[in-house]
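Novice: For the record, the sequence lines run as chains Z and U.
Going by the working numbering, the first residue of the first sequence is number 1, and it counts up by one from there.
Going by the working numbering, the first residue of the second sequence is number 1, and it counts up by one from there.
These are computed hints drawn from the structure, not numbers from a lab.
This one's a predicted model, so the numbers in the text were calculated from it and none came from an experiment.
We treat Cβ as the ideally placed atom computed from N, Cα and C, and that holds for glycine.
Each hint should be verified, as a subset may be incorrect.
Residues of chain U clear of chain Z, computed beta-carbon distances all greater than 10 Å [stated by the list, open to error]: (1) 337; (2) 350; (3) 508; (4) 577; (5) 659.
Okay, the calculated bits of chain U under chain Z, using three or more residues with CB under 8 Å as the criterion [to be verified]: (6) 522-531; (7) 538-550; (8) 553-559.
Taking CB as the label site, the calculated pair distances span [stated by the list, open to error]: (9) 615/U x 95/Z: 56 to 64 Å; (10) 25/Z x 614/U: 50 to 58 Å; (11) 615/U x 25/Z: 52 to 60 Å; (12) 674/U x 95/Z: 25 to 33 Å; (13) 614/U x 30/Z: 52 to 60 Å; (14) 517/U x 95/Z: 18 to 26 Å; (15) 576/U x 71/Z: 43 to 51 Å; (16) 614/U x 71/Z: 56 to 64 Å; (17) 576/U x 25/Z: 43 to 51 Å.
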Amino acid sequence: MGDVHILVADDQPELRRLLRIMLSQPEGWEVIAAEDGAEAVALFQQHDIDLAVLDQRMPNLTGTGVAKVLRDAGFDGPIVLFSAYLEEDLEADAHDLGLLCVPKGEIRQLLDVAASALSSRS
Amino acid sequence: MKDRPPSIFRRLAAAIVLAGLIAGLIGVLVFQAGERRELRATAAEANRAAAVRAAAVIDGRIDALSAQLRLLATDAAIVELRPEARSELEIALRVSGSLDRLTLIDASGTPVAAAASSELVDVDELDHRPGLLREMEQTPRFEFGTEPLMLDLTVRVDDPPGTPVGVLLGRTPLELLVQDVVVEDPIFGGNVLIASEDGTILVDRAARQMLPTDGLPVDEVFADDRRTAIIDGADGSIIVAGSRLQGAPGWVVVVRSERDAVGPAQRAAGGTTAVFLIVILAILAAVLAVAQRVLRPLRPLADAVTALERGERPVRANVGGHGELAVLADSFDRMAATLDARQEELRVAEGVARRSEARLRLLVEGIDDYGIVLIDQDGAILTWNNGARNVIGYEPHEATRRRLQDLFDADDPPADPIVDAAVTGRAEVEGWCRRADGTRFYARIVIASLADTRAPHREASTEGSESAPIPAGYAAIIHDLTETHVAQEATERALAREQEAAAELRRANQLKDEFLAAAAHEIRTPLSLILGTSSMLSQDDLSETDRAELQTMLDVQANDLSDVVERLLDLTRLQAGRTQLSPESFALRAELQRNIELAVQQLNEHQVTLEAPATEVRTDRNAFRHVVGNLVSNAAKFSPPGSSITVRGEVEEEMVIVSVTDEGEGIDPADHERIFELFQRSRFRSSSTDGTGVGLAIVKRYVELLGGDVAVESERGAGTTFTVRLPDGDGAGSAT
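All chains, full assembly: derive it from the sequences and hints.
Specialist: Take a look at the structure:
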């Protein structure tokens, strides 16, 4: 299986921490965390990413903005949009960009979603 | 009543007949007169011819006598004047047959011898005629003697010839001269007579009776060359014609009565005339008959027309037959029948209309809760029924001739509805009006114009619109709709209230739903984080650092959740109106400080500055805490870590004014109102979690409850300041 690199972006520190902990549990998964959208993009360019988990509401660039950059850059791996609110325009963007949406209320599913997305890819 | 019209045709016919008759008569008379003249002339000519013939005959006889005497005068005995000549005379008398007497007279005038046919004559008794010889010429002389009617012939005796020696006198009775002179024409009749030069009748056959008693009017008869005349005789007109005798100084006159001369011819002409007259009469009769027949229908027709004019009904000419007049009479009959029918229809229609009008009047009078008013074309009231009196309050005599809008002053007089009605035919107005006694009522007035289609049309006022006839008047119906209107208004108001209440309810419902949804969400998020964290914690293979981090996170999230729930509960209490306010006095500065510390959870290295006096203020402490606490929390959450938050407080004019300023992203002015609504967030706020959607709503609610107000100053990228003003003192809490 090899190492799985997961890009996590969220402006809330607690959430970042939680995500990091949660997504580090599986064997070989490594979490790279960003504080905002811009950092997320920078980290993406620096690392080889297999999965991105993006909070929607972030300073500098929203989750969908980051997703768009990633897609334009040719990243076609799974991107999970992690947001408290799923507004309609988000759904459209999600569809266009091929994003998986997980509401923050169902954070426990995140791990399963990520795992299945990665396994279906490989 | 007029008499029958004069019968023109009858008069005309009579005139024609009369004219015809008169013409005929005149013609006949003229004809007859002409005929008579002709006949007379013819008869006169015939007479003359007869006279000429007779004269010729008598002249012949006279010539014969003359010749006889002359011959005798050459006899020797005569020449010698011997008394024996008597016998010669006697012989001569017998031979002549016409002579009556012969006398020989010598040169001295002494009669020598004499003979008479009917008597013996003594010579000595005869008259002497001295001088006679001297008078004599060679040619014989004739004279008419009157006693008796004789013709005296005197011949000179010459011996030798040219030497008179004596005179031979002969005498012949005129009767013998005219004897057997045939003038009597069996057809024409007539008589002959001989007259002397002066007209003395010497002999006439039967003619004398015919002549006028005073003899023959010689001048008249023999005046002209024609020697004819028509004179009045003893027994009628007589035609007289004469011819002078050659041999003797006298006339032969043929006399015929006109009756005899002209009569038969006249009778013949009379017959022709009669026939002529009969023919004329026949023609006239025929014409009359035909005209009568043809014009027969005329009299009844004229009578019928007159009767129709007089108004008699029904009238029919009832003429049969053919011909133009009969056709005319038929047409008349049909026309009269049509007229009768129309009149009947009219009568019926009039009856219907009268009854209808009576019913309408009854109806109008009977209606006493609707005003029915007739208005003339100038807008003045003509009739005013009981209903109008009841509804508007004026008696009919007060209302008539006034204008409708003058009678009740409308609160808001509309445009004159009569003008509207005149143009469009119908107008309706509604409004509050005043009765005669001053009371108000809600009236609905419908005005219809009554058009007279024969009336002159008004000019079309705008292009394209039809010109409308000027109305002959208007009818107005006035309803008193006060009760209905008031009820309607009440109903409308009630309905509006109901609708409003329903809308409120719906809004409230919606809000509640939104609230619940948002609340659920607000709760779910930290809850899921808690659950996620807790499930992580249940794993065994966590590192110690991880475990510690997770536990801290758990605490924080649990507190957040608790906080959210608390706020929600606060809000529900606030909204349910169950919050009791109790003013307390406290120091402003100290209280603010305490509230800032209470919000320490949210503060993230923010620099908080407090500027407030220590003045005593009085208000509900709990509310104050909620307000300030929420504002500070908001400021902390929505501004970057390390930025400064300034809390200011002051008391001014019995108001406590607290403001909280942050250096966050700011709020677009378009959202300044929205942010106070439940769970609304400024779109440009980047943070996604926590219950700030509730915070401002709570602030607003408490502020309202305290009777104050809250305002926000902010622009994008320029930070935010919330300013709250609360009444200072026991007046707080007067608002609900």
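Novice: Does residue 337/U clear chain Z by more than 10 Å, comparing its Cβ with all Cβ atoms of that chain?
Specialist: holds (92 Å)
Novice: For the range 56 to 64 Å, tell me whether the beta carbons of residue 614/U and residue 71/Z fit it or not.
Specialist: Check passed, 60 Å falls within 56 to 64 Å.
Novice: Please test the hint of 52 to 60 Å on the beta carbon pair from residue 615/U and residue 25/Z.
Specialist: Once the Cβ atoms are compared, 57 Å apart, the range 52 to 60 Å for residue 25/Z and residue 615/U holds.
Novice: Taking 10 Å as the cut and beta carbons as the points, is residue 508/U off the interface with chain Z?
Specialist: Given a closest Cβ separation of 24 Å, the condition holds.
Novice: Falls inside 25 to 33 Å, the C-beta gap from residue 674/U to residue 95/Z?
Specialist: holds (28 Å)
Novice: Hey, does residue 577/U actually stay past 10 Å from chain Z on C-beta?
Specialist: holds (31 Å)
Novice: Can we trust that residue 659/U is non-interface, i.e. its beta-carbon lies farther than 10 Å from all of chain Z?
Specialist: holds (26 Å)
Novice: Regarding residue 576/U and residue 71/Z, is the given constraint of 43 to 51 Å on their beta-carbon distance met?
Specialist: Holds: the Cβ-Cβ distance is about 50 Å, inside 43 to 51 Å.
Novice: Cβ-Cβ distance between residue 25/Z and residue 614/U: within 50 to 58 Å?
Specialist: At 55 Å between Cβs, range holds.
Novice: Using a Cβ cutoff of 8 Å, are there at least 3 residues of the segment 522-531 of chain U near chain Z, or does the coverage claim fail?
Specialist: It holds: at least three residues are needed, and the segment 522-531 of chain U offers 6 whose Cβ sits within less than 8 Å of chain Z.
Novice: Do three or more residues of the segment 553-559 of chain U come closer than 8 Å to chain Z, measuring C-beta to C-beta?
Specialist: Result for this restraint: holds, n = 3.
Novice: How does the coverage statement for the segment 538-550 of chain U fare against chain Z, requiring three or more residues with Cβ below 8 Å from a Cβ of that chain?
Specialist: holds (count 6)
Against the hints set out earlier in the document, no violation occurs for any number.
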